[in-house]
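*Asks:* Note that the working numbering has the sequence shown beginning at 734, numbered continuously upward.
Calculated from the structure, these hints are not laboratory results. Each hint should be verified, as a subset may be incorrect.
Here are the simulated lysine to any residue pairs, SDA-like style, with alpha carbons at most 20 Å apart [what the hints assert, rightly or not]: (1) Lys992 to Gly897; (2) Lys900 to Asp924; (3) Lys940 to Arg952; (4) Lys992 to Glu960; (5) Lys941 to Arg1040; (6) Lys992 to Gln963; (7) Lys941 to Ala1037; (8) Lys967 to Ser990.
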Amino acid sequence: AAARDVDIPRGRGRGPAATRDVDIPTGRPSAVDEPAPSLAALRRALARLSPRRREAATRGGSRRRRGIEPRPRCHADQFAWLRPRKGGAGPPKCVEDKVVGFDVAPTALWGAVKETNTPGLTWSRDWPALFRLPGVTPVVYARTNQIKLAMAQRHGRVFFKECGELKTVAAHQRACYQKRKEKINEPMAIDGRDLAHQAQRYGEGWKKVLERVANAAGRKPFVLYYEALQADAKKELTRLFAHVGLRSPRTVAKSSSMKITSDDLRPSIASFVKVRREVAAISPGLAAQLADTSRAVFKTIYLAGNRTASFAKLEAE
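Given these sequences and hints, build the entire structure.
*Replies:* Written out as structure tokens, the structure is:
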């Protein structure tokens, strides 16, 4: 989100501010009941890293030693200017003339680790102050295929277990994936009912985030779709730019993040037909998401108890 550009609350995952490129890693809603890795698990993963990589993972030290300043990251303590009683000289540098991604729950994965412990912005005070600044447009970055979102989370656990990493962005993360991809890509034994219920919790999370943003901003947010970016990034970014009154981007959209879960989930799931039958018994709509291989945008949000919501009704026109 920028003081004069675009505010993008994302789901879990933390991303750098983008200066000229739009750098938006995959998001997940925050209001889900899926447990994050425990502090002990994170510490064990860090302990397996070399001293150099451990320092880079916790403080970005290797970049500083080479004299390279990391991209600016906005932390909640830099947002004192949103709170009049604390004063402040204006927006921090990390949001000036930039498109910046914000996490609706920045402590979701790393909050227990001292080096990255950042308090979240509050929905009652901070988000309304940010969203209602002149020139700020609320944007939610959403992955609509709830089943693939749930599978990506499970696949991410496998990657974390094998490599001690949460992302495949840096060279060493990619190298670990290439070295262990046979193990990482082994078909998983999945209970279709558990998968469907997890997907429904993600649906509840998207509904809650969209409603909270609308309430905080006083208007519905624009929704930027993960699947649309996968299919045609320039077209989806052009739609975003048009919404905020900017010209179409002239740069080529790209990401250094490697996608490790196939769009076709059949190779990822052992007993795929059985799992599809179990998912369909709970929600035929989620079964369609399980079978999808086309990167389709699903505008229906599937909730527990055979309830549904709609992105179309919760997003700006």
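*Asks:* Now tell me, hint by hint, if it's right for this structure.
*Replies:* Here is what the structure says about each hint:
Proximity of lysine 992 to glycine 897 is assessed by CA-CA distance (about 17 Å); at most 20 Å being required, the pair is judged to hold. For the proposed pair lysine 900 and aspartate 924, the alpha carbon gap of about 25 Å is over 20 Å, so the pair is violated. Between lysine 940 and arginine 952 the alpha-carbon distance is near 15 Å, which keeps this suggested pair within the 20 Å criterion. Only pairs whose Cα atoms come within 20 Å are accepted, and lysine 992 paired with glutamate 960 is accepted, the gap being roughly 12 Å.
Straight-line distance between C-alpha atoms of lysine 941 and arginine 1040 comes to about 14 Å, which keeps the hinted pair within the 20 Å bound. A distance of roughly 10 Å separates the Cα atoms of lysine 992 and glutamine 963; the hinted pair therefore holds under the 20 Å criterion. Using a Cα cut-off of 20 Å, the hinted pair lysine 941 and alanine 1037 holds, with the two alpha carbons roughly 14 Å apart. A threshold of 20 Å between alpha carbons decides the hint, and for lysine 967 with serine 990 the separation of about 17 Å falls inside it, so the pair holds.
In this structure, only the earlier hint numbered 2 is contradicted, and the remaining ones agree with it.
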